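A.B. asks: These are the residues of each chain, in order.
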Amino acid sequence: MNLYPVRAIYMAELSRTRRTLLQSIVSPVISTSLYFVVFGAAIGSRISEIDGISYGAFIVPGLIMLMLLTQSVSNASFGIFFPKFSGSVYELLSAPISYLEIVIGYVGAAATKSVVLGLIILATAGFFVPLEIAHPLWMMAFLVLTAITFSLLGFIIGIWADGFDKLQLVPLLVITPLTFLGGSFYSIDMLPPFWQGVTLFNPVLYLISGFRWSFYGVSDVSLAASVAMILLFLGVCLALISWIFRTGYRLKP
Amino acid sequence: MSEPIIRVSALNKTYEGGFQALKQIDLDIQRGEIFALLGPNGAGKTTLISVICGLVNATDGQVVVDGFDNQVDYREARSRIGLVPQELTNEAFETVWNTVNFSRGLFGKPPDPGHIERVLKSLTLWDKRNNRLITLSGGMKRRVLIAKALSHEPRILFLDEPTAGVDVGLRREMWDVVRQLRESGVTIILTTHYIEEAEEMADRIGVINNGEIVLVEDKAALMRKLGSKQLALHLHEPLDSVPPALAAYDLQLAANGSELIYTYDASRAGGAEGQESSTISALLADVEAAGLVFKDLHTRQSSLEDIFVDLVKER
Ligand SMILES: Nc1ncnc2c1ncn2[C@@H]1O[C@H](COP(=O)(O)OP(=O)(O)OP(=O)(O)O)[C@@H](O)[C@H]1O
Ligand SMILES: [Mg+2]
Chain A
21 MNLYPVRAIY MAELSRTRRT LLQSIVSPVI STSLYFVVFG AAIGSRISEI
71 DGISYGAFIV PGLIMLMLLT QSVSNASFGI FFPKFSGSVY ELLSAPISYL
121 EIVIGYVGAA ATKSVVLGLI ILATAGFFVP LEIAHPLWMM AFLVLTAITF
171 SLLGFIIGIW ADGFDKLQLV PLLVITPLTF LGGSFYSIDM LPPFWQGVTL
221 FNPVLYLISG FRWSFYGVSD VSLAASVAMI LLFLGVCLAL ISWIFRTGYR
271 LKP
Chain B
441 MSEPIIRVSA LNKTYEGGFQ ALKQIDLDIQ RGEIFALLGP NGAGKTTLIS
491 VICGLVNATD GQVVVDGFDN QVDYREARSR IGLVPQELTN EAFETVWNTV
541 NFSRGLFGKP PDPGHIERVL KSLTLWDKRN NRLITLSGGM KRRVLIAKAL
591 SHEPRILFLD EPTAGVDVGL RREMWDVVRQ LRESGVTIIL TTHYIEEAEE
641 MADRIGVINN GEIVLVEDKA ALMRKLGSKQ LALHLHEPLD SVPPALAAYD
691 LQLAANGSEL IYTYDASRAG GAEGQESSTI SALLADVEAA GLVFKDLHTR
741 QSSLEDIFVD LVKER
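Protein chains in written order, with this note's numbering: chain A, 21 to 273; chain B, 441 to 755.
Just so you know, the hints here were simulated from the structure itself, not pulled from any lab data.
Because the structure is a prediction, the values reported are computed rather than measured.
Ideal placement from N, C-alpha and C gives every residue a C-beta, glycine not left out.
Among these hints, one or two may not hold up.
[What the hints assert, rightly or not] Derived pair list, reagent style DSS-like, types lysine-lysine, alpha-carbon separation capped at 30 Å: (1) 272(A) with 581(B); (2) 463(B) with 272(A); (3) 549(B) with 561(B); (4) 549(B) with 272(A); (5) 104(A) with 272(A).
[To be verified] Quick look at which bits of chain B chain A covers, simulated, 3 or more residues with Cβ under 8 Å: (6) 493 to 499; (7) 513 to 520; (8) 542 to 553.
With the rest of the complex left out, here is chain A:
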């Protein structure tokens, strides 16, 4: 492994964020604040506590996950889509670097951004509701692992997409619905039994549940199931990426 190329990609990606700071950091913070105002303060005050947690506090982990997933996917997908779109990907493909180095550079940068963003949202949430984090190390572990996994997914989407529309498609049609339906804003106990069963097929549920457990020590599914699910996701993404690079799918004619 040569660290210069990884560093070059990583730093270039982060400097892209700096150029688009407003879009990258400020807009998710604003939209999260809006969620808190609407769900936490306005509606939440009329909802009773869930598992002994005030509704405003209950949605914090779900909201962070929502932002983490969508931002990881969109950052990482754009990061690799843009060079493909502009043609400058030729340099990446002709450089003496391994696939692993490319992925670490791009995905590392996207995941870094997401983690920072997650922490900013967490701090923002602190303005609206009193926060307690029961297992801070687990919280960080979930944050980082989820950011990496969904940045990998974003990277795959960026390679697969051959137009800006497709780039938007997956976050919009897959990630956001799964997150909303995965218990960001409710506990699945609140659903009728049939829908509880259906929800168990939603992988995002396991991420949110585990993440919420790290805050409040309560969860919809077991911690082991959450950890297994995120590792499974990670493994699938890594396998897909190695296939992409082996075959040159959508990268090399």
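Starting from the known structure of chain A, fit chain B with the ligands onto it as the hints suggest.
C.D. replies: Just chain B with the ligands now, with coordinates in the frame of chain A:
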């Protein structure tokens, strides 16, 4: 001759959809030469370069760069190669300085601001180093791409139509840069549509057409082999036919009989025996003896362009 720095053997490329862009290409590039790849639009020049540089997967065949297979030992092979693509591609919002340093890092080299400075200065980009790429002209952007390719000190430089869209003065400057690079030991492979560029720059010339290499030759030998020269005499009075007294010379009449054309082999003119030059003296003497008066004369040597057009037409 020493081991070639690039050896392409039995290379085929069929694109998805079934179009065969390269057919059984065998090509050796010698260490330290300037090799010009000529061919009409769609001949396969860019495809060939792309396969060598690892941008396009070959269907079959092998590429060896400085002894390293470009698939198996891709790190070794690619680290020796700098590529300037045909299309202008840029991260529009980066600065010149950042993008060139990025390229160096990408190729695994530690930062070396001194080297980047020299590269930018040699390409007259130094004053623009803090400009964002989007604010540069087309010719400047192309030079940025060259700077990016040179940032990591390649031993081999591919220039895919380097001077397209570059004005005449700058083109000369770029040729100088290329020559300096060659002097420092860099092997250069360029494609171009400007035949004058190949004629001026190249040591050897390859012609590719319809995905096949139709000719690879020393430039000088090529010009000698295929180059013929014409002497045209502009006559005062037009002729109906070549006078019998000059029948021995294989002359043609042109321009309604007002030009007398003598075609000869340029390689033998001024040769050791000087046969052709003595023939020309004799011809001129006989023309005068035949009572023909000419007001002007000029000679014309077929350029590489003529040779090239002939070659591609033939196939
Ligand atoms: N990705 C691709 N998929 C399918 N066909 C392709 C692809 N890229 C190039 N071709 C075809 O391969 C042939 C050779 O193209 P190439 O770009 O190598 O030509 P070229 O010699 O560089 O031409 P030019 O002088 O116009 O740059 C063309 O017919 C082109 O249409
Ligand atoms: Mg081309």
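A.B. asks: Determine for every hint whether it applies to the structure shown.
C.D. replies: Now the hints, each set against the structure:
no. : hint               : result
1   : 272(A) with 581(B) : holds (24 Å)
2   : 463(B) with 272(A) : holds (19 Å)
3   : 549(B) with 561(B) : holds (20 Å)
4   : 549(B) with 272(A) : holds (25 Å)
5   : 104(A) with 272(A) : holds (11 Å)
6   : 493 to 499         : holds (count 5)
7   : 513 to 520         : holds (count 6)
8   : 542 to 553         : holds (count 9)
Checked against the numbered hints listed earlier, the structure breaks none of them; every hint is satisfied.
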